Amino acid sequence: MSQTVKAVIARSKGADVEVVDIVVPAPGPGEAVVQVHSCGVCHTDLHYREGGINDEFPFLLGHEAAGVVESVGEGVTDVEPGDFVILNWRAVCGQCRACLKGKPQYCFDTHNATQKMTLADTGEELTPALGIGAFAEKTLVAAGQCTKVDGEADAAAVGLLGCGVMAGFGAAVNTGEITRGESIAVIGCGGVGNAAIAGAKVAGATTIIAVDRDQRKLEIAKGFGATHTVDASSEDTVERIRELTGGFGADVVVEAVGLPETYEQAFYARDLAGRVVLVGVPTPDKEVTLPMIEIFGRGGALKSSWYGDCLPSRDFPMLVDLYRQGRFDLDAFVTERIGLGDIESAFDKMHGGEVLRSVVVL
1 MSQTVKAVIA RSKGADVEVV DIVVPAPGPG EAVVQVHSCG VCHTDLHYRE GGINDEFPFL
61 LGHEAAGVVE SVGEGVTDVE PGDFVILNWR AVCGQCRACL KGKPQYCFDT HNATQKMTLA
121 DTGEELTPAL GIGAFAEKTL VAAGQCTKVD GEADAAAVGL LGCGVMAGFG AAVNTGEITR
181 GESIAVIGCG GVGNAAIAGA KVAGATTIIA VDRDQRKLEI AKGFGATHTV DASSEDTVER
241 IRELTGGFGA DVVVEAVGLP ETYEQAFYAR DLAGRVVLVG VPTPDKEVTL PMIEIFGRGG
301 ALKSSWYGDC LPSRDFPMLV DLYRQGRFDL DAFVTERIGL GDIESAFDKM HGGEVLRSVV
361 VL
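Just so we're aligned, residue 1 is where the sequence shown starts under full-length UniProt numbering, counting upward by one.
These aren't lab readings, by the way, just hints derived from the structure by calculation.
What you are looking at is a predicted structure, and each value in this text was computed from that prediction instead of being measured.
Glycine residues also receive a C-beta, built at the ideal position from the N, C-alpha and C atoms.
Each hint should be verified, as a subset may be incorrect.
As the list claims (entries may be wrong) - When the alpha-carbon atoms are kept at most 25 Å apart in a straight line, the in silico BS3-like pairs for lysine-lysine are as follows:
(1) Lys-116 <-> Lys-6
(2) Lys-148 <-> Lys-103
(3) Lys-303 <-> Lys-286
(4) Lys-116 <-> Lys-13
(5) Lys-6 <-> Lys-349
(6) Lys-13 <-> Lys-349
(7) Lys-303 <-> Lys-103
(8) Lys-349 <-> Lys-217
(9) Lys-286 <-> Lys-13
(10) Lys-303 <-> Lys-101
(11) Lys-222 <-> Lys-349
(12) Lys-148 <-> Lys-116
To be verified - Label pairs and their calculated CB-CB ranges:
(13) Ala-98 <-> Gly-246: 30 to 40 Å
(14) His-351 <-> Ala-273: 22 to 32 Å
(15) Pro-260 <-> Ile-293: 14 to 24 Å
(16) Ala-98 <-> Asp-231: 37 to 47 Å
(17) Arg-324 <-> Thr-289: 44 to 54 Å
(18) Arg-216 <-> Asp-331: 15 to 25 Å
(19) Thr-206 <-> Ser-2: 31 to 41 Å
(20) Ile-293 <-> Phe-248: 18 to 28 Å
(21) Gly-204 <-> His-47: 28 to 38 Å
(22) Gly-181 <-> Lys-101: 26 to 36 Å
(23) Gly-204 <-> Glu-50: 38 to 48 Å
Given these sequences and hints, build the entire structure.
This is the structure:
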């Protein structure tokens, strides 16, 4: 049976978000209805509202979420009603060329729910953000988007693994392959950048350099494990990173901003045979130009990190276990807990750099 619940939508480009009634269908084959307990306010939601993803309005926003499975459709065996889950936007298909090569973390044909949630008053179909749409009391997803984890964990904290924290942690650990004894520099110390710093600490990096233009963010980065900070507003980022790494540059540089100038800094701040990881999301108009001789001469790798190159079924339970053991402080990412009606204000705080994450708690 379908249900009517409260949810937050973006009706048109640039318009303030609205709390409205939506209709959530009963789950069909391969689908699940999840009662949402928490959902982080991510930059991607703002990109949707601003029309930066596509123009398939109205959008049902929210995707960094945790909750409890309420019901499942035919053929669902991996989760069942009552399971505490983190929602993910990489529900691997098992059949695409990436999956068949044994690299499901790059799945090119991830699953979403087949049915559409709709506006209660008009019946208009909604486009859920990243196939999830979790600024809602309940949401309909593909069952593969539900990753079961320890039910004792705080939903507001572990739900952030659904996007930003996983993207940053994975950029350092999965994509950058940072390991014990190595050095890493992270350019951009928002939620994603700080997750990369925290991941590097967990992995055993000994020199962890945080780079930002905001002193507040640099102080926060120390709490996540940064051993050194670079104020990019007053220091030469490349030269300072080299100074802190014996004159060589870092083994890994994570660019968590998405701008040509910071990517160029990352390129020149790495050691020979080092790895540059782009996890900051650039806009389509951004371009970077580098001398080919420098690309050749420096060796190593220039990588992009998709969702932290994560495999949710592998990584989410592991990171929740680290959190429960006190080795990965997910609580520190939760700046404030808010309601569904506070999301527009949370966007403003995000713009002003006042929060790592505002988290909607239902």
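Hint check:
{"no.": "1", "hint": "Lys-116 <-> Lys-6", "in the structure": "16 Å, holds"}
{"no.": "2", "hint": "Lys-148 <-> Lys-103", "in the structure": "21 Å, holds"}
{"no.": "3", "hint": "Lys-303 <-> Lys-286", "in the structure": "17 Å, holds"}
{"no.": "4", "hint": "Lys-116 <-> Lys-13", "in the structure": "21 Å, holds"}
{"no.": "5", "hint": "Lys-6 <-> Lys-349", "in the structure": "23 Å, holds"}
{"no.": "6", "hint": "Lys-13 <-> Lys-349", "in the structure": "20 Å, holds"}
{"no.": "7", "hint": "Lys-303 <-> Lys-103", "in the structure": "16 Å, holds"}
{"no.": "8", "hint": "Lys-349 <-> Lys-217", "in the structure": "14 Å, holds"}
{"no.": "9", "hint": "Lys-286 <-> Lys-13", "in the structure": "21 Å, holds"}
{"no.": "10", "hint": "Lys-303 <-> Lys-101", "in the structure": "19 Å, holds"}
{"no.": "11", "hint": "Lys-222 <-> Lys-349", "in the structure": "22 Å, holds"}
{"no.": "12", "hint": "Lys-148 <-> Lys-116", "in the structure": "24 Å, holds"}
{"no.": "13", "hint": "Ala-98 <-> Gly-246: 30 to 40 Å", "in the structure": "38 Å, holds"}
{"no.": "14", "hint": "His-351 <-> Ala-273: 22 to 32 Å", "in the structure": "38 Å, violated"}
{"no.": "15", "hint": "Pro-260 <-> Ile-293: 14 to 24 Å", "in the structure": "19 Å, holds"}
{"no.": "16", "hint": "Ala-98 <-> Asp-231: 37 to 47 Å", "in the structure": "40 Å, holds"}
{"no.": "17", "hint": "Arg-324 <-> Thr-289: 44 to 54 Å", "in the structure": "46 Å, holds"}
{"no.": "18", "hint": "Arg-216 <-> Asp-331: 15 to 25 Å", "in the structure": "19 Å, holds"}
{"no.": "19", "hint": "Thr-206 <-> Ser-2: 31 to 41 Å", "in the structure": "55 Å, violated"}
{"no.": "20", "hint": "Ile-293 <-> Phe-248: 18 to 28 Å", "in the structure": "19 Å, holds"}
{"no.": "21", "hint": "Gly-204 <-> His-47: 28 to 38 Å", "in the structure": "34 Å, holds"}
{"no.": "22", "hint": "Gly-181 <-> Lys-101: 26 to 36 Å", "in the structure": "31 Å, holds"}
{"no.": "23", "hint": "Gly-204 <-> Glu-50: 38 to 48 Å", "in the structure": "39 Å, holds"}
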